[in-house]
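Trainee: Protein sequence lines, in the order shown, are assigned to chains A and B.
In terms of this note's numbering, the first sequence has 3 at position 3, counting the first letter as 1, and numbering is strictly consecutive.
If you count the second sequence from 1, you need to add 110 to reach this note's numbering.
Derived CB-CB ranges, DEER-like: (1) A:22 / B:117: 28 to 36 Å; (2) B:591 / A:94: 58 to 66 Å; (3) B:140 / A:22: 15 to 23 Å; (4) B:126 / A:22: 15 to 23 Å.
In short, the hints are calculated from the structure, not lab data.
Ideal Cβ placement from N, Cα and C applies to all residues, glycine included.
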Amino acid sequence: MPIALGEFEQLVLFALLRLGPDAYGTTVRREIQSRTGRQVSISAVYTTLERLEQKGLVRSRTGEPTSERGGRRKRHFEVLPLGARALKAAYEAFTQMAHGLEHRIKGVPR
Amino acid sequence: MTRVLLLLIRLATPRSEREWVVGDTLEELEHIRRTAGQRAGSRWLCRETLRVLLSAPRHHLLVGSRVTLEAPERRRDGIMRTIRDDIRYSVRLLKRSPGFAAIAITTLALGIGANTAMFAVVNGVLLKPLPFAEPDRLMLVHLLAPDRQRGPNAFREVSWSYPKYASFLRNQTAFESSSGFALREMSLTDVTEPERIRGEVTTEQYLAVLGIAPLIGRAFTREEAHVAGTAPVAMIGEGLWRRRFGSDRAIIGRTIHIDRNPYTIVAVLPRGFRGLSGQADAWVPLATYQRSWLTQEQNHNFTLVARRRTNTTEQQAAAAATKIGRELEAEFSNASFDGRAWSAKAVSLSASRTEMDLRRTTLVLLGAVGFVLLIACVNLATLVSTKTLRRSREVAIRIALGATRRHIARQFAVETLVLTSAGAVLGLLIAMLMLSASATLLPDSDAFFRTRDALRPAMRGSAGLTQIGASMIGLDGTTLLFACGAALLCAVLIASLPALQASLVQPIHALKAAAATIGLGPRTRLDLRGPLVVTQIALSVVLLAGAGLMLKSLARLHGTSIGIDATRLLTARIQLPPGGYSPQTSHSLYASFIERVHAIPGVEAAALGSCLPVSGGCNSTLIRFDRRLKTFVGNEPSVSVYWVSPTYFPTLGIRLLRGRTFGGTDRAGSPKVAVVNETAARTFWPGKDPIGSVVAIGQGDFNDGAEVVGVVSDVRYGSIESTPVPDIYVPILQSFQPRAELFVRSSVPTAALVSALRTELQSLDSNLPIANVRSMDKQLDDAMWQTRVSAWLLSAFAVLAMLLTTTGLFGVMAQSVAHRTPEFGIRMAIGAGAADVLRLVLWRALVISGVGILVGIGSAFLLARVVAALLYDVPAHDPGTYLTVTAAMVVVLIAAAYLPARRALRIEAVAALRSE
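Chain A on its own, in the form it takes in the complex (with noise of 0.2 Å):
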């Protein structure tokens, strides 16, 4: 049975397959703030990654270090087969879910 993932996280993973193997904590923050509008901060990225690595989900490597970013390393994760099978899960139980309402939920006033 695959791992149930929180609304964040999804869209957490999402972003990572969307990124590839090259996302990190800045790309997946603008990826999320772009899409969706959501001012999130450096460390709520983080604590998620960290939260999917820990179940398996994803897995994360260390990279180069930058000059703008102080000489510090970047780390970028990538998701795992496990991970993509909860992503898929995820959106088919959600697609599912909203079946049919689409208009309704369209309909809805913002």
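Please arrange chain B on chain A, whose structure you already have, making use of the hints.
Mentor: Relative to chain A, chain B alone:
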């Protein structure tokens, strides 16, 4: 700004995450600055910092430790839980070594308790704001009169007369309200036993200025204070209300008789309020008490207290006071009376609060008791470090099981804090005990905060304020905070040594290290025991030196003769009520009374005077030598004047040097005569004989001149330390003096004598009480109380310090011997004799003691300046004291080293080698 925010983000992030989090933040910041501008970047950073800070706790909880892979919701760990566990563990450890716990907690309790008690004194007397509304706006306004005795440009503070005060009220704008008050002796005369109390004569704004509301009733009205003839009213204090009226709620409207005059009670004032003099039990309005004061321009009686406006600073108020002084000068032309213009000055109430000496004494004592605590902490630190080393195995195991160094250190800190907290709690109890004990042991309020300089009568205002301060001594919030701070400081001091050890030592070397040594590696060791004991010895030497100087000062005070024979001399005060006696009736009262007292069996001598020796001094006035002049110009010299009965000089044992003293013929109607003391003779008639000269003085109706008939030896009326000043004595029977001190020399026990005196006086006037009965010896004792208390306390501290230091040295030496026993064994095996071993043992002790004493004496020299002002006739660098202190310390330290040295002598080579 950016850096600060980044630092905050750094600190809020768990260590393992810092690199990427900060890196990402920097990258994002740069991106935003590039695309949206510098300001947008800063704005974003602010918001980001806030977000990180808010989500930091959760982040920490979920990410902090990687130990378990459980779902984060199950972790309940937090800082608080670990501290709770640490406390429980510490208590368990302490229970396992009750001896150590008892010693440590007792030592800490005594040290922290003594420090807290001393701080309570400092707080009450110096620091705590006075118990009035907005006390920082209250000021004392003094008139300044030229002080000829101190120099051509010196002024002394004098009180106000009513007309001048009225002028002040009319002309000033800097103060929003003001009031005058004067402390007076009063008798309550409506019962069988007249009671002597003190009361204040005030104007109507007194309570308003101070911000005190009556418990019951109302304050005085303007008419009662300023208009003669209004119905007499009075306010009484809570103590008097309780004592004499049984806290009768219907007290308002009842009558009280003060000095035989009836007053209607209009108010009861709150408990603890004794007026600004700190001694009053009743208050009467000015006009009612003494209407003559309303018109006498040069009768100065009042101290002026005023509240400055909220928008006026202290400097502005002081400047306003000076201006007022000039205006007063123009209106009252004091210069014509005194030769020089008067002025005025305003001083804040808290600045007038204590005299320099008392302030210095309390601070010195606080420092001294702090030293004792330091010495105790060093001992405890060594003790704790020994214990810690014995636990090094346990520590090593814990580290192996995964405890971080930080956790071990934290647990250790908690242990020490538990110890010091227990000590602090107990210490607070001890402080309470000490404070209540000292309250009963202190001399009575008359002598309590007497000034040492008799020539500053205005300082009597500060005496009252200090008395108020003294009543505020107790355990309150500030003192509790101090106790907590002391406990914390002790914890830091005690824990720092073993903590240093733990942080540097490798576990394997810990097993081999001795107490208070820090293993920096397999061979190097940092032995801190020696320097620690040196510090203790130095501190003890400083304390000993201070105590020695104080004791010597006390001895000098005791040895100083004040000019009279104080043995078996009893004193008491008689006060004639204002308006109750005329000069003639007072003379006949005094004469009859002295006759009757002489007739009491057992009385050897009796006399009346106007001033008690070593009481702070009494009246002074101007003296004039030229018979042609009829008035005082104002630049005449000043002299202290005393009214005495004929038997005064023989009763007190004052020697007659030339001429004669007063006799029965010197009474009203006879030619006026006077007697001067040797200082007056030397000052005013250098090289000549004063006998026969005619002098006039500004008081006592001697303006027309009196003939000097005798010269007597000096008496110190001010204080024991003050040098004698010119005195002149006039016969009490030739002048009017409503207040007289009775001196009786007898071997009759005091109680019997006092009741006999009372009977005799009341047979002459049933309303006259005898008050302030005291033996002259006690008066002398009280005059020395500050030095005596300081000497006592410093000696106690010094003895305590020495005890602790010898314990410290003893411990160090015993450990050293025990540690080096194998070494001694080897030495003895290859031929060293007992004497050689002894030399090795003692050498270390000698070096430590020598360095300690040298450092101590050096520090004592430097600190001596602090105590110098408190000493009498003892130079701050008195060589005798320092030599004695050194000798005492050497003896004590030799004693401390003796036992371990002896043990070293008894070492047998084989047993020593086996003990390795």
